[in-house]
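Q: Sequence:
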Amino acid sequence: MKIIVEIEPTRNISKLESLVRTITEIPCIDMVAVPDAPLGKPKVLGVMLASFFEHAGIPTIAHVRLRDMNMVLFEQVVWGAYIAGVTRLLFLRGDPPAKGRDVNEVTSEYAVEYVKRHDKLSSRIKAGIYLSMRWGVEKALERVMKTRADFYTVNRLDPQLSEHVEFVKKAKTTGAQIFAYLITARSSQLEKLRAILEGQPVRPLEKLDDYIRAFRDSGVDGVVLSSPLDIRALLQILKETCNDA
1 MKIIVEIEPT RNISKLESLV RTITEIPCID MVAVPDAPLG KPKVLGVMLA SFFEHAGIPT
61 IAHVRLRDMN MVLFEQVVWG AYIAGVTRLL FLRGDPPAKG RDVNEVTSEY AVEYVKRHDK
121 LSSRIKAGIY LSMRWGVEKA LERVMKTRAD FYTVNRLDPQ LSEHVEFVKK AKTTGAQIFA
181 YLITARSSQL EKLRAILEGQ PVRPLEKLDD YIRAFRDSGV DGVVLSSPLD IRALLQILKE
241 TCNDA
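Mapping of the sequence shown onto the UniProt record's numbering: position 80 corresponds to residue 80, and the numbering continues sequentially without gaps.
Everything labelled a hint here was simulated from the structure, so no lab data went into it. A portion of the hints provided could be inaccurate.
Claimed, not checked - Simulated crosslink set (DMTMM-like; lysine to aspartate or glutamate; CA at most 20 Å straight-line):
1. 15 x 221
2. 2 x 221
3. 169 x 142
4. 169 x 217
5. 207 x 230
Stated by the list, open to error - Restraint ranges, calculated between C-beta atoms of paired labels, are given here:
6. 207 x 102: 31 to 41 Å
7. 14 x 136: 17 to 27 Å
8. 163 x 200: 19 to 29 Å
If you're wondering where the values come from, they're calculated on a predicted model, not measured in any experiment. For every residue, glycine included, the Cβ atom is placed at its ideal position computed from N, Cα and C.
Produce the entire structure from the sequences given, and follow the hints as far as they go.
A: Dropping the structure here:
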């Protein structure tokens with residue numbers, strides 16, 4: 001099972017360089033994931049940050065926030081990712097924009113179909129979709145069977161629920177990889193992050209080993225670990241876990 005760490009977008013180059021050094025020293029981190037304007041706030045284009053990590057030798061999943069894009073911008077971003085050497089794109093709608101207005105011309109389904117329709121793109125780029133179990137197992141599985149993406153990052157996936165484990169098994173019959181999405185925070189920051197994320201499940205960072213073990217047993221191909229309030233604490237725990245292994 002792959003360990004994937006979500007990196008909060010930043011405009012601070014020194015901070016990015018420091019993260020690269022730290023991540024390369026933690027062998028159990030297999031990939032990083034780079035969000036695109038989380039909470040609708042402009043930072044740095046996810047594809048550009050992904051290129052930064054890819055060129056440092058760190059495999060990356062770049063989020064592509066479709067909510068703000070018309071067709072022209074969408075195609076430019078996808079082909080820009082191709083030129084920049086970004087090999088995994090996760091398409092999602094995203095949160096309402098903090099500035100400007102919604103565009104909503106491009107759906108995740110169209111984005112995946114577009115990549116697969118162009119041989120140049122599909123030969124180099126894996127196209128994924130963000131799913132949430134909030135809407136139930138049936139709807140999630142229906143979307144998987146309809147879109148046939150290369151991978152899915154799934155929020156609210158509970159490895160303790162048999163129907164969620166069954167979803168993973170059925171989804172993987174399409175050949176797709178399934179990555180669970182786990183939001184974490186230190187116990188002292190749990191309520192703060194839950195308030196920011198408006199009810200999304202946030203798990204205590206102190207129990208990270210237990211969650212990783214449970215997801216490994218569930219059959220997922222990887223787990224995306226997000227700790228937006230304290231990425232350094234997450235990295236330190238992973239470093240200690242690697243050393244103990």
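Q: What's the verdict on residue 207 and residue 230, does the C-alpha distance respect the 20 Å limit or exceed it?
A: holds (15 Å)
Q: Tell me if the straight-line CA distance from residue 2 to residue 221 falls inside 20 Å.
A: The given pair, whose Cα atoms are some 6 Å apart, holds under the 20 Å limit.
Q: Just to be careful, I want the Cα atoms of residue 15 and residue 221 compared with a cutoff of 20 Å; is the pair within it?
A: violated (29 Å)
Q: For the pair supplied as a hint, residue 169 and residue 142, confirm whether the alpha-carbon distance does not exceed 20 Å.
A: holds (14 Å)
Q: Could one say that the CB atoms of residue 163 and residue 200 fall in the range 19 to 29 Å?
A: holds (20 Å)
Q: For residue 169 and residue 217, compute the direct alpha-carbon distance and say whether it is at most 20 Å.
A: holds (12 Å)
Q: For the pair residue 207 and residue 102, does the Cβ-Cβ distance stay inside 31 to 41 Å?
A: holds (37 Å)
Q: Could you see if the CB distance from residue 14 to residue 136 stays within 17 to 27 Å?
A: At 44 Å between Cβs, range violated.
Taken one by one, the earlier hints fail for this structure at numbers 1, 7, listed in ascending order.
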